[in-house]
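Asks: From first to last, the protein sequence lines are chains H and U. Counting from 168, one number per residue, gives the positions in the first sequence under the numbering used here. Counting from 350, one number per residue, gives the positions in the second sequence under the numbering used here.
Take these hints with a grain of salt, some might be off.
Only pairs whose alpha carbons sit at most 30 angstroms apart, straight line, appear in this in silico DSBU-like list of lysine-lysine [to be verified]:
#, chain 1, residue 1, chain 2, residue 2
1, U, K452, H, K264
2, U, K548, H, K264
3, U, K675, H, K262
4, U, K481, H, K262
5, U, K679, H, K264
6, U, K452, H, K262
7, H, K330, H, K361
Hints are computed from structural coordinates only; laboratory data are not their basis.
So the chains spell out like this:
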Amino acid sequence: MDITLRQVQDFLQVLTNGVAAGAVYALVAVSFVLVYKAVGIVNFAAGEIVAVGGYIGVVLANILGLPLVLSLLICIVIMSFFGYGFQFVVYRPLKGKSFLIIAISTLATGIILANGIQLIFGPSPRRLEPLLSNPTVEVKGVFISVPNLIIIAIAVLTLIGVKYLFARTRVGFQMMSTAQDAEMARLLGINTDKMVSMTFMLSFAIAGLVGFLIAPVLYLVPTMGLGIALKGFAAAIIGGFGEVNGAIVGGLAIGILEILFARYLSSSFQSLLIFAVVLGSLYFRPEGIFKGEVGQKV
Amino acid sequence: MSKHLTGSLKGGSVKAHGKDLDGVNPAYLRTFRYISYVLFAGGVLVLPSLVNGLQLRLATLASIWFVATMGLQVLMGQAGLISLGQAAFVGVGAYTAALLATKQDFSFLFTIPIAGLSGVILAVIVGFPTLKLRGHYLAIATIGVGQIILVLMVNWRAVTNGMDGISGIHRPVESNRVFLYICVSIGLAIAGALYSLRKTPVGLAFTALRTDETAAGAMGISVAWHYLIALMISGFCAGVAGGLFAYNEGFISPYGFDLGQSIVLLTMIIIGGLRHISGALVGAVLLVFLPPNLEFLGSSYMVIYGVAVLLVILFAPDGAAGAILKLRLKFLRRISGAQGKAANQ
Chain H
168 MDITLRQVQD FLQVLTNGVA AGAVYALVAV SFVLVYKAVG IVNFAAGEIV
218 AVGGYIGVVL ANILGLPLVL SLLICIVIMS FFGYGFQFVV YRPLKGKSFL
268 IIAISTLATG IILANGIQLI FGPSPRRLEP LLSNPTVEVK GVFISVPNLI
318 IIAIAVLTLI GVKYLFARTR VGFQMMSTAQ DAEMARLLGI NTDKMVSMTF
368 MLSFAIAGLV GFLIAPVLYL VPTMGLGIAL KGFAAAIIGG FGEVNGAIVG
418 GLAIGILEIL FARYLSSSFQ SLLIFAVVLG SLYFRPEGIF KGEVGQKV
Chain U
350 MSKHLTGSLK GGSVKAHGKD LDGVNPAYLR TFRYISYVLF AGGVLVLPSL
400 VNGLQLRLAT LASIWFVATM GLQVLMGQAG LISLGQAAFV GVGAYTAALL
450 ATKQDFSFLF TIPIAGLSGV ILAVIVGFPT LKLRGHYLAI ATIGVGQIIL
500 VLMVNWRAVT NGMDGISGIH RPVESNRVFL YICVSIGLAI AGALYSLRKT
550 PVGLAFTALR TDETAAGAMG ISVAWHYLIA LMISGFCAGV AGGLFAYNEG
600 FISPYGFDLG QSIVLLTMII IGGLRHISGA LVGAVLLVFL PPNLEFLGSS
650 YMVIYGVAVL LVILFAPDGA AGAILKLRLK FLRRISGAQG KAANQ
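Bound conformation, chain H alone (with noise of 0.2 angstroms):
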C-alpha cells in the first residue's frame, strides 16, 4: 500500500481538526471535573451552559457589535457571575441530599438554560461572524483553519492558566484543600463558602470562553448542549473522574479519536464510538487513565 503526499497531507488536516475539537472538549471537561471536585455535584447542565456562553457572545459581538476581545471579556465575566448565581439554585439549597436530588436539579436548571435560549432566539442556529475573511492558512500544502488554530492557543493558554492557579497559588491551593477536604479546610482558617464560590466561577468562566470560542466555527443552536456535554463527561470518565490532568488528556483522546473515526471509517456511527470507549474504559480502566480512587470505598 503505497502512502501519498495527498494522503499525509490529509490526514494532518484532519489531525488538527482533531486537536481542536479536542482542546474544546478538554476544556468542557476541565470546567465540569472542576466543580465535581470541589463540592461533588455533577452537572449535567454543563452543556447548555458552554450554550449559554456561545450566545452571550453572539448578543455582545454581533447584536451589540463590540470588539470580539471586548467581547469576550464581558462574556466571561458575566459568565463568572452567572456560576456564582448557580450555586445558590443547585448547590447551597440542597446541601447534604442525596446525589439524586443534585443531579435532577443540575437536569432540570439544563432544561430551563436550553429552552430559554430557544425561546430567547428561536430554533434557527447562530452565529458569531468570524473574524477573518479567508479562515484557513497554507503550510506545506496543509490546509489549517485559523479559528481552529486560535481555539487551540486559547485553550492551551487557559489550561496552562488552571495548571499554575492550583500548582503555585495562595488561592489555588485554597481551593483545593476545600476540595479535598472542607471541614478540614475550614478549621485551617480557609473561607471555604467563598472558595466553593470562586471555583463555580471558574467553571463557568470557562465553560463561557468554550462557548464563545466554538460560536464562529460551529452554528449555535438551543439543543447544542446536550452534544458538547456528552462529549466532556466522556472526556472525564475516560480520563477519570476528578482529574484535571486526566480530563485534558481525555478530551483530547476524544476529539481526535472521533474525527479520525467519521473520516476514515464512519461518520454516521461516530457517536456509536465515542460511547464504546466510555463504557469500555467503565469496563477495564474505571479509574481513568492516570491512576486515582474511584471505587466505593465501604
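For chain H, the structure is supplied; the task is to place chain U on it using the hints.
Replies: Just chain U now, kept in the frame of chain H:
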C-alpha cells in the same frame, strides 16, 4: 462518618414510616384504605369505558408511560439511582416487540414478555460495568447507552429500517377500549408485584441503600448486586412499556426514544412523587393529559417542565402523590381527634 450517622438518623424513611401515623385512629385508617381501594378499582374499571376519541388515546398512552415510569420509581425512588436513558430501554423493548411481531409473527402474549426481557438484558449490559462505581457513572453511562441505541436505530438500517421505522404492527384486539384495558391490567399487575416487592428483603435493601449506602454495605447488603436488580426491574418495566407502545402506535421510528423522552419520563416520576409507586401513575396521567391542554403555552412548555421539576425538587420532593398522602394524613388526624390519640397510647 459523623455525616453518615446524622444522615441516617434524620433522613431515615424507615423510621418516619412508623411515626407518620401518630394521632390517627387505626380503625379509621383501615376504613379509609378500603374505601380508597374500592374507589380506585372502580375508577380503573369504569373510567376507561367513559373516555372517547382523543381522551381514550391519551389514557392508553398514560397507562403505557405509567409502566415505564414505575421502573424509574424503583430505580430512583427506591434504590436512589438515576437513569437518563429510560426511553432507550423503552425503545429496545418497542423494536424487539415490533420485529418479533412483524418478521416472526409472534403473538402478543410472547412479544410483551420478551420485550421486557430485552430491557433486562440491556440493564445488565449497562449496569454491570457501572454499578460497582459511584452513582453518577450510571447516570452518564445511561445517557451514553441512550445515544448508542439511538444511533443504532437510525443507522442500522438492515434491522431497524432507519428513520422510516417499522410499520404494520397489529394490535391483538380491534377495539381501542379493550386495548386500553389490557394496558391498564398489565400496569396494575406490575404495580401489584412492585408493591409486594417493597416488603421483601430486596425491597428493604433498596431503602437501606438509598438511605445510607455505606451503612447498608457494612450491614452485609451487596451494594452492586442490589443496584443491578433495581436497574433490571427498571429495564423490564421499560421494555414492557416499549412493547405496548409499539402495538398501540402500530408504527415505531427512532423519534420518541431520545434523551428528550427520557427526561419526560423522569419528569413524570418527579412531579408524580419519587417515593411512591402511585407517583408513577399520578405523574404519567398528569404529563400525558396536561400538554394537549396547555397548548396556549406554545414552545415554552419545556421551560415550564424544567421549572416545575426544579420547584418540586426544591420545595416538595415527594411530588403530587406525596402531597395527596399528606392530605390524607391530615384528614385522618382530624377525624380521629382525641379518640385516635387514646387508641395509640
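Asks: Take the hints in turn and mark each one as holding or not.
Replies: Hints, verified against the model:
no., hint, verdict
1, U/K452 x H/K264, "violated, 49 angstroms"
2, U/K548 x H/K264, "holds, 25 angstroms"
3, U/K675 x H/K262, "holds, 25 angstroms"
4, U/K481 x H/K262, "holds, 25 angstroms"
5, U/K679 x H/K264, "holds, 26 angstroms"
6, U/K452 x H/K262, "violated, 53 angstroms"
7, H/K330 x H/K361, "holds, 20 angstroms"
In summary, the numbered hints that this structure violates are 1 and 6.
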